[in-house]
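Make a model of the complete structure from these sequences and hints.
So the chains spell out like this:
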Amino acid sequence: MDSSETTALADLVRRAQRGEENAQRELIVSYQRRVAGFVYAMIGRNDAVEDLAQQVFIKMIRALDRLQAPAQFESWLFRLARNTCIDHLRRQKLRRIFLPFAPEHEDVPEPTGAVDSEELDALRHALAQLRPQDRALLALVQEGRSHAEIAVVLKTSVAAVKARLHRAREELREHYQPTHES
Amino acid sequence: MNPEDRAWSRLQNHAAAQLSPGFAQRVLVAARAGAKAAPSFLGQFTLGAATAALCFVAVTLFQAQRTGGDESSTLADWQKITAASQEAELGQ
Numbered sequence: 004m005d006s007s008e009t010t011a012l013a014d015l016v017r018r019a020q021r022g023e024e025n026a027q028r029e030l031i032v033s034y035q036r037r038v039a040g041f042v043y044a045m046i047g048r049n050d051a052v053e054d055l056a057q058q059v060f061i062k063m064i065r066a067l068d069r070l071q072a073p074a075q076f077e078s079w080l081f082r083l084a085r086n087t088c089i090d091h092l093r094r095q096k097l098r099r100i101f102l103p104f105a106p107e108h109e110d111v112p113e114p115t116g117a118v119d120s121e122e123l124d125a126l127r128h129a130l131a132q133l134r135p136q137d138r139a140l141l142a143l144v145q146e147g148r149s150h151a152e153i154a155v156v157l158k159t160s161v162a163a164v165k166a167r168l169h170r171a172r173e174e175l176r177e178h179y180q181p182t183h184e185s
Numbered sequence: 671m672n673p674e675d676r677a678w679s680r681l682q683n684h685a686a687a688q689l690s691p692g693f694a695q696r697v698l699v700a701a702r703a704g705a706k707a708a709p710s711f712l713g714q715f716t717l718g719a720a721t722a723a724l725c726f727v728a729v730t731l732f733q734a735q736r737t738g739g740d741e742s743s744t745l746a747d748w749q750k751i752t753a754a755s756q757e758a759e760l761g762q
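Sequence lines, in order, name chains A and B.
Here the first sequence is numbered in this note's numbering, starting from 4 and rising by one per residue.
Here the second sequence is numbered in this note's numbering, starting from 671 and rising by one per residue.
You may find that some hints are simply not true.
Simulated coverage check for chain A against chain B, where a stretch passes if three residues somewhere in it have a Cβ under 8 Å from a Cβ of chain B [said to hold, decoys possible]:
(1) 53–62
(2) 75–88
(3) 125–139
Because the hints were derived from the structure by calculation, they are not lab data.
Quick reminder that beta carbons are idealized off the backbone N, C-alpha and C, glycines included.
Given below as structure tokens:
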């Protein structure tokens, strides 16, 4: 993102912070695709994408006035997305402890045709083998976040981010086995 | 683009396709509705404090009533014993 784009984004964020509905809508439209991608990478289910993406943007609107640096909006938004997905996974885990379903009802598979390419299916499968924190890390990198930004999001050092990223990539490659498509 | 990057790009396309039309408008409506319905922190705190105070008063009253009842029955018993012993002393 160049400096003029950064300035335009900061301006849009400021307008949204003042409560301008058009600016808020513009922010949602601009980021809905990327947030949906992030959520899907984290959760791996079609049926959760819209609900969780909606939760992320509702939190965004409610917390926007607490964002001190509008220029850091993207990092802040993806931190919200990460926390929302991790909370969702935690709640699911707790629900499984207190309300265990029969094994056949526990992980209902996605319907046939839910994933439209073998490559994507392979990636989804590989991501599912990783820890949620590592999935978030890979998805943030894919989102174009720098190591320094990720370190801020994860509240850790840049060196730790690099090390974890290296491990996560290795693990992803280990599990990522697409059947060749033309 | 390497196969992995291509898969990530497909993942984003696939995820975006899960959002139904009018997504942004629905988010805005839900955010406004939630903001109106959601109680404020002060409201929640006041409700919590009032509930705690009410519980405290109820427990204190119940305890006072129970202790008071026990004390009066003990006092009545002692009065009976005292009266009986006075009668016994007078009889001697």
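Hint check results:
1. Interface restraint, the stretch 53–62 of chain A with chain B: holds (5 residues with C-beta to C-beta distance below 8 Å; minimum three).
2. Counting residues of the stretch 75–88 of chain A whose CB lies closer than 8 Å to any CB of chain B gives 0, so the stated coverage by that chain is violated, three being the minimum.
3. Residues of the stretch 125–139 of chain A lying with their CB closer than 8 Å to a CB of chain B number 3, which satisfies the three-residue condition for coverage.
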